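**Q** With the sequences and hints as input, model every part of the structure.
As you go down the protein sequences, you meet chains X, Z, U, A and H in turn. Going by our numbering, the first sequence opens with residue 1, and the numbers climb by one from there. Going by our numbering, the second sequence opens with residue 1, and the numbers climb by one from there. Going by our numbering, the third sequence opens with residue 1, and the numbers climb by one from there. Going by our numbering, the fourth sequence opens with residue 1, and the numbers climb by one from there. Going by our numbering, the fifth sequence opens with residue 1, and the numbers climb by one from there.
Every clue listed holds true.
Chain A stretches covered by chain Z per the calculated footprint, using a threshold of three residues with CB under 8 Å from any CB of chain Z:
no. : stretch
1   : 98-109
2   : 114-125
Derived pair list, reagent style DSS-like, types lysine-lysine, alpha-carbon separation capped at 27 Å:
no. : chain 1 : residue 1 : chain 2 : residue 2
3   : H       : 143       : A       : 23
4   : A       : 143       : Z       : 206
5   : H       : 138       : A       : 23
Calculated from the structure, these hints are not laboratory results. These numbers come from a predicted model, not from an experiment. All C-beta atoms, glycine included, are put in the ideal place defined by N, C-alpha and C.
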Amino acid sequence: MTDSTERVREAKAGRIAALDTRSGARSVSLALALLGFGPLLILIALIAGASLLTPNFLKLGNISNIMAQTSVIAIVAIGQHLVILTRGIDLSVGANLALATVVGGLVFRVTDSTVLVMGAMLLSAVTVGAFNGIGYVYGRLPHAFIITLATLSICRGLALQFSVNHTTMRGMPDGIVALGSSEILGLPGSFFVVLGVAVLVLVMTKGMVWGRWIYAVGGKPESAVQMGIPVRPVLVSTYVLAGLCAGIGAIVLSARTQASSPLYGNLLELDTIAAVIIGGASFLGGRGHLGHALIGAVMIGVLRNALNLMNVNVFFQMIAIGAIILLAVEADVLRGHLEARTRALQATGAR
Amino acid sequence: MTDSTERVREAKAGRIAALDTRSGARSVSLALALLGFGPLLILIALIAGASLLTPNFLKLGNISNIMAQTSVIAIVAIGQHLVILTRGIDLSVGANLALATVVGGLVFRVTDSTVLVMGAMLLSAVTVGAFNGIGYVYGRLPHAFIITLATLSICRGLALQFSVNHTTMRGMPDGIVALGSSEILGLPGSFFVVLGVAVLVLVMTKGMVWGRWIYAVGGKPESAVQMGIPVRPVLVSTYVLAGLCAGIGAIVLSARTQASSPLYGNLLELDTIAAVIIGGASFLGGRGHLGHALIGAVMIGVLRNALNLMNVNVFFQMIAIGAIILLAVEADVLRGHLEARTRALQATGAR
Amino acid sequence: ENIKIGFITKFPVPFFATMEDGAKAYAAESGGLDIVFGQGASATDIEGQIALIESMVTQGVQGIAITPVDPTVATTLDKAIAQVVKVVLMDNSIPDWEGRTALATTNNYEAGRTAGGYLKTVLKDGDTLGILEGVPGVPALDERVDGMLAELSGVKVEIVGRGTTNCTEELGINVAEDILTANPGVTAIYSACGPAAAGAAQAIKNAKLDHHVILVGFDFCCGEAEAMEAGIEDASVAQFPFNMAKYGVEALVKSIKGEPVENLIDSGSALVTKDNMKDFM
Amino acid sequence: MTKRPVLAVCHAVKRFGAVQALKGVGLEAYAGEVLALLGDNGAGKSTLIKCISGVHQLDEGEILIDGKPAALHSPAAARQAGIETVYQDLALFDNLTPAQNFFCGREIAYPAWLPRGMRFLNKAAMDREAAGIIDRLKVRLPKLDAPVALMSGGQRQAIAVARATVFARKIVILDEPTAALGLREARKVLDLIRQLRDEGNALILITHNMEHVVELADRAVVLRQGNKVGELRPTRQNQQELVSMIVGAER
Amino acid sequence: MTKRPVLAVCHAVKRFGAVQALKGVGLEAYAGEVLALLGDNGAGKSTLIKCISGVHQLDEGEILIDGKPAALHSPAAARQAGIETVYQDLALFDNLTPAQNFFCGREIAYPAWLPRGMRFLNKAAMDREAAGIIDRLKVRLPKLDAPVALMSGGQRQAIAVARATVFARKIVILDEPTAALGLREARKVLDLIRQLRDEGNALILITHNMEHVVELADRAVVLRQGNKVGELRPTRQNQQELVSMIVGAER
Ligand SMILES: Nc1ncnc2c1ncn2[C@@H]1O[C@H](COP(=O)(O)OP(=O)(O)OP(=O)(O)O)[C@@H](O)[C@H]1O
Ligand SMILES: Nc1ncnc2c1ncn2[C@@H]1O[C@H](COP(=O)(O)OP(=O)(O)OP(=O)(O)O)[C@@H](O)[C@H]1O
Ligand SMILES: [Mg+2]
Ligand SMILES: [Mg+2]
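**A** What follows is the structure, given as C-alpha cells:
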C-alpha cells in the first residue's frame with residue numbers, strides 16, 4: 001500500500017479510461033454543458049413539445065402573447081423570490097396587486113396624469129409590503145405566513161370596498177395604455193419591463209452588499225445576527241421589494257387590460273411561489289437563482305398557452321397543468337442527479 | 001468573592017425580594033398559570049369579545065353551529081399539522097376532499113350502502129395522500145409544495161370531470177345523513193368526530209414511537225437518517241394521514257350537506273395552514289401542538305361566525321378577519337414573552 | 001312588529017349589489033320590513049354561504065331570500081325550513097329541491113338562447129366560434145352556454161376553442177388571445193360572463209381585429225358598455241337583477257303573511273346591442 | 001494479530017463530485033482493541049467512518065464485518081450490524097430533550113409484537129435510564145426536560161457520546177468525542193472507552209489529542225489527503241514519529 | 001496591573017428562564033495580554049462571552065470598554081466597539097463559500113459614499129484576500145468556491161477563526177478555537193493568537209486544553225456553575241491547582 005504501487009494502479013486505470021473514453025470524453029463534456037443549462041433544458045423540452053403538438057405555437061404573435069401573459073407572474077415572482085430567499089413567504093402579492101390597480105383607478109378618476117397614477121399604484125403596493133415586513137419583523141411573528149395571509153384578506157377587502165361599484169373600473173392614463181400596446185422589435189413592452197426588473201434585481205442580489213446579506217440571512221439567521229448584519233432591515237427590505245414588484249405587476253396588468261379591478265391577481269401567490277420553487281429555491285432559505293424562478297414563471301405561462309391552443313377541455317387542462325408541472329420538476333431533479341454523476345465521471349476521466 | 005460572602009449577598013437579596021413579593025408571589029403564579037393556557041387564552045378573549053358584541057353568539061344553537069362549521073377545518077388541520085411537523089406542506093387537502101365527496105357521490109349512484117360510500121371516500125383521499133407522499137419522497141423532490149400543488153390541480157380537474165353534469169350531486173346514504181343530523185347532548189355529531197380524530201392523533205404523536213419519529217424527522221432530517229429512523233416511510237405516512245383526514249373531512253361535509261360537489265374545500269388549504277400556524281407551529285418543522293392547531297381552527301370559525309352574526313358586510317369581513325387573525329397571533333407572541341418574563345421573575349423570587 | 005328576513009347573495013359583484021338595492025327599494029316602499037343582508041366571498045364559497053344561512057336562523061329571521069351559490073346549500077335550507085323559516089330562491093334554482101316557496105330568476109337557459117338567437121343571425125355554416133366559459137361546475141353559467149348552443153344547433157358552426165375564465169377579466173383576455181392565435185380567422189367569440197367578455201374585447205382590440213370578430217357577452221356589465229360603444233362587442237344579454245330581488249322579496253313577505261305566491265317568477269332578460277344599449281345603463 | 005478483525009475496510013474510495021476524499025484506504029478493527037484514526041483536517045477521517053456507518057456509500061472498495069461482506073446501505077443497516085457511531089456534528093435533535101435524544105430511533109416501547117413504529121413509548125423507563133447514564137458521565141445538565149438546543153457545547157457532546165456508548169454491541173466509532181469536553185468530562189469519556197473495550201467491543205477513535213492516543217490506542221492508522229500513510233502501535237517513544245506522519249514530511 | 005483594562009465586566013448576571021447561567025461574574029482584559037477563561041462544561045463561559053459580544057444582554061451588571069460603560073445591544077454594536085468573536089458554534093453560513101463567509105457583514109465594497117448595503121461588492125479583492133488568509137493558516141480546502149456546508153469539521157473551524165483574526169482591532173474573543181483542529185492547524189492558531197497579542201490586542205481564550213493555557217495565557221479566570229471561583233497566572237507549577245479549581249473540591 002505504498003505510494004508507488006498506488007500510482008501504478010492509478011496510471012493503469014487512467015490508461016484504460018483514456019482508451020475507452022478518448023472519444024467519450026468529448027461527449028461527456030457536451031452532456032455536462034447541456035445538463036448545466038439547468039431548468040432551462042426542461043423549459044426548452046416543454047417548448048419543443050408544444051410546438052410539435054400545435055402548429056401556431058411558435059408564431060411570432062403567439063410568442064408575444066405568451067410574453068404578455070407571463071409578464072405579471074414573472075415580475076411578481078421576482079419579488080417572491082427575494083422573500084423566499086430569506087425563508088419567508090408573501091401570500092399577499094395578488095391582493096396587493098389588485099388593491100394597487102384600484103388605487104390607480106381611483107386616482108385616474110381625479111387626474112389623468114400617468115406619473116401620478118403610476119406613483120399611486122407603486123406607493124400603495126410598497127406600503128402594503130412595508131406593512132408586511134415591519135409587522136413580521138418588529139411584531140416578532142414566528143413566520144411571515146400569517147401576516148401576509150392577513151394582508152391578503154385585508155387588501156382584497158379594501159380593494160372591493162373602495163372600487164367604484166365594487167367592481168372593475170375602466171380606463172387608464174395614456175402613458176399606461178401606451179405601455180400595454182407598445183411593441184419593440186415585435187415584442188410587447190411588458191417583456192422589457194420584466195427584463196429591466198430582472199436585471200436590476202440580479203445586479204442587486206449578486207453584485208451588491210445587500211444581496212449578499214439576503215443570502216446570509218436566509219442561510220442562517222442566527223449567524224447573520226452574530227456577524228452584525230442588520231437582519232431586520234434586510235428582512236423588511238425584501239417584503240418592501242416584493243410589494244414594489246406587485247406594484248409594477250399592477251401597472252403592467254392595468255396597461256394590458258386598460259382597467260383596474262379588485263378581483264385581479266386571484267391565486268397569483270400560488271403561481272409565483274410555484275414559479276420560484278420550480279426554479280429550485282427552498283423554503284429553508286438561502287438557495288435559488290432568480291433566472292430559474294423566471295424560467296419557472298415562463299413554464300407556467302407556456303403550459304397554459306399551449307393547452308389553450310390545443311383546445312383541451314377545461315377540466316383536463318387542470319389535470320394536465322398539475323401533471324406537467326410535476327413532471328417538469330421531477331425531470332429537473334433527475335437532471336441534477338445526472339449532472340452530478342457526469343461531473344464525477346469527468347473528474348475520474350481527467351485524473 | 002468567596003462562597004460565604006456570596007451567600008450573604010444572596011440571602012439579603014432574597015429577604016428583600018421576600019418582603020416586597022410575599023403577596024406578589026401568589027399573583028405571579030396566578031399570572032403564570034393564566035399565561036400558561038397559551039393560545040387558549042386568546043381564543044377565550046375572542047369569544048368574550050364576540051359574546052359582548054352580539055347577543056346571539058352564546059346561544060346553544062349557535063355554539064352547535066360553530067362546531068359544525070368548524071369541524072371540517074379542524075379535522076383537515078389535524079392532518080396538515082402532521083405534515084407541517086415534518087417541514088412539509090399539503091396544498092391539496094381541499095381538492096382532495098372535493099374529489100373524495102365526488103367519488104362518494106358516484107358510488108352512491110350505484111349503491112346506497114353507507115359502508116361502501118364511506119369506504120370509497122376514504123380510499124380516494126388516502127390514495128391521493130399516498131401519491132403526494134410517495135411522489136415527494138421517492139421522487140426526491142426538493143419540497144412537497146410542488147407535488148401537492150400539482151395534485152390540487154389534478155384532483156380539482158378529476159372531480160369536475162367525473163361529477164355528473166360537472167356539478168353538485170345531491171344525496172348521501174342514510175348512515176352519512178344520520179351523522180349530519182345527529183346530536184348528542186345537544187352537540188352535533190361532527191364535534192365528536194373531531195374529538196375522536198384528535199384524541200387518536202394525539203395518542204399517536206405523543207404516546208407512540210411513530211410520533212416521536214415525526215418530531216425527530218421534523219427537527220433534523222439528517223440526524224434522523226443517521227440515527228436509523230425510517231425517514232422515508234415516516235414522511236409518506238404523514239401525507240397518507242393528511243389524506244385520510246381530508247377523507248374524514250369529506251364525510252363530515254357530505255353528511256352536513258347531504259351532497260357531494262367538485263367545488264367543496266375551496267381555499268381549505270390556506271385555512272388549515274393558517275390554523276396550524278396560528279397554533280404556533282413552524283415551517284421549519286419539529287415544533288407545534290395539536291391542541292393549539294385545533295384552537296387555531298376554532299378561532300377562524302368563531303371569527304367568521306361572529307362577523308356573520310353582526311351582519312358585517314363581506315368587504316369589511318375580509319378586512320376584519322385579516323386584522324383579527326393578525327392581532328390574535330401577535331397577542332400570543334406577546335403572551336409568550338410575558339410568560340418567559342414572569343417565569344424568570346418567579347425563579348428570582350423563589351431563589 | 002316588523003317582519004324580519006335575511007337576504008343572501010353570492011359574492012361581491014355589481015349584479016348582486018343591484019339586487020340588494022332592489023330589496024332595499026321594496027322595503028322602503030312597503031314598510032314594516034327589516035332585512036339582514038349577507039354575502040359570500042367568492043363564486044365557490046359554499047361553506048361560507050352555509051354559515052350565513054345558519055347565522056340568519058340564529059338571528060331569528062322569518063324568511064330567507066337567497067341566490068344559492070351551489071345546490072349543496074339545500075340541506076341547510078331544509079334545516080331552516082324546519083324552524084319555520086320560508087325560503088325564496090333568486091337568480092338560480094336548486095334542481096330537484098322541493099323546499100322553496102318561490103323562485104325569482106332570469107331563466108339562464110332561455111337567456112343563453114337569446115344570445116344564440118343573435119349569433120344565429122350573424123353566423124352561417126362553416127363559421128367558427130370560440131367560447132369563454134364561466135366557473136367550471138356552476139350550473140347557471142353552464143346553462144348560458146348550453147342554451148346558446150341549443151339555439152344555434154341549426155347552423156353548422158365549428159367550436160374551435162373553449163376555455164375557462166372563472167369570470168375574470170385576466171383569464172378572459174388570456175383565453176381569448178389564445179383562441180385568436182390558434183384560429184386567426186375565428187368568426188365569433190361568446191363569453192358566459194361580463195368580465196371575461198370585457199377581457200375578450202381587449203384581446204380583440206390588441207390583435208387589431210376590431211371589426212373582424214363578432215363578440216357576444218353576457219350580463220352587460222363590467223366594461224361591456226365601453227366595448228360596445230367602441231364597436232368591438234356586438235351584443236350582450238342583460239338581466240334585471242333589481243326586479244329579480246324585488247319580486248323575490250315580495251313573494252317571501254307574502255308567504256310569511258300566509259298569502260299564496262307563484263312558484264316560478266321570471267324577471268326576464270333582454271338582448272342588448274349598440275342600438276338599445278342606452279336603455280340598460 | 002492472529003485474531004480475525006471484526007471490521008475490515010478494503011481499498012475504500014469515495015468521491016464528492018470532483019473532490020476525492022478517500023483514495024483507496026484499508027483498515028482493520030479488532031474486538032477488545034482501540035484503533036486510533038488520525039490525520040490532519042480534511043484528511044478524510046470523517047468521510048471514512050461515515051462510509052462505515054452507512055451515511056455515505058463507498059464508490060469502490062468493500063467493508064467486511066466478521067469477515068463477511070456487509071451491505072451497509074443506510075445508517076439503520078449499520079446499526080443493525082452492530083455499529084454505533086458518535087458523529088462529529090453530534091446528530092442531535094435540537095427540539096428534543098436529552099432523554100428523547102438518547103432513545104431516538106431505539107425507543108423503549110411495548111408491546112413487542114407490534115411493528116416498531118406502532119408501539120407505545122415507555123417514557124418513565126427512558127427518563128430513568130437517561131438520568132442514570134448522564135449521571136455516570138458526570139455532566140451537569142441544567143434541566144433534563146429542556147430541549148438540547150439550549151445546552152452548552154460540552155453538554156451537547158456529552159449527550160451524543162453517552163447515547164452511542166449505551167447501545168454499543170460490537171463496534172463503536174467515536175469522531176472526536178472529547179473535542180468540546182472539559183477536563184473531567186473528557187476523562188470520563190476515556191474511562192468509558194476503556195470500559196467498552198474491556199467489554200469486548202472494537203473501538204475506532206478519531207482525535208487530534210496525542211495524549212489520548214498514546215494513553216488508549218492499541219493501534220493507530222494515519223490518513224493524509226485521502227491516502228493511508230501509515231499504521232503503528234503508538235507509544236510515548238514514537239509519538240514524534242506519529243506526529244510527523246500526520247503532518248507530512250513537507251513544511 | 002497598573003494599566004487600565006481594555007475590557008472590564010462587573011457583576012455579570014444572566015438568567016435563562018429558571019436557569020441562572022451567570023451569578024455575578026467579574027473579569028478584566030488588558031491590551032497585549034491573553035486571558036484564559038476556564039471552567040467545566042456548562043460553567044457559563046460561552047454565556048459570558050456572548051454577553052460581551054452583544055448576542056445576549058446582561059440581566060444585571062455592567063460592561064466597560066476603555067473604562068467607559070458600553071451599550072452592547074447587538075453583535076453589530078460590539079463589533080463596532082472593536083470586539084471580534086469566534087463563536088463556539090462557529091456562526092458560519094453553510095450556503096456561502098469560505099471567501100463569502102469571511103467578509104459577510106464586512107464586505108469589501110465601493111463606492112464609500114453610498115450606504116453600506118448599497119455598495120457594490122469587490123469580489124476579486126475579497127477572493128484574493130481570503131485565499132491569502134487561508135494560506136497563512138495552512139488549512140487545505142478542497143475548493144475555494146464550494147459552500148462551507150461540505151467542509152470537514154476542522155476546515156470549518158479554521159475558516160471561523162481566520163475570519164475573526166483578520167478583523168481584530170482591539171479585543172478578540174475565541175471560544176474553543178482549536179477544538180476541532182489538527183496538530184498543525186492548532187499550532188498555527190496559537191501562533192496567530194500570539195501575533196494578535198503582540199499587535200496590542202486584548203485576547204480572551206476559552207479552551208479545555210491546559211497545555212495551551214500554560215503556554216499562552218498571561219492570566220486565567222475560572223468559572224464554576226456561573227460563579228467566578230478563582231483567578232491566577234498559569235504556570236507549569238500551578239497547573240494542578242488550576243485543574244482542581246476547574247473541577248471543584250468535591251470528587
Ligand atoms: N439560551 C439558553 N437558554 C437556556 N439555557 C441556556 C442557554 N444558553 C446556555 N444555557 C445554559 O446555561 C449554562 C451555561 O452554558 P454555557 O454555554 O455558558 O456553558 P460553557 O461554560 O460554555 O460550557 P462548554 O464548555 O460546554 O461550552 C448551561 O447549563 C446551559 O445549558
Ligand atoms: N458531502 C461532501 N461533499 C463534498 N466534499 C466533502 C463532503 N464531505 C467531505 N468533503 C470533503 O472531503 C474531504 C475530507 O473531509 P473529512 O470530513 O472526511 O475530513 P476529516 O479528516 O474528518 O477532517 P477533520 O479533522 O477536520 O474533521 C474534505 O476536503 C471535505 O471538504
Ligand atoms: Mg472530521
Ligand atoms: Mg461553551
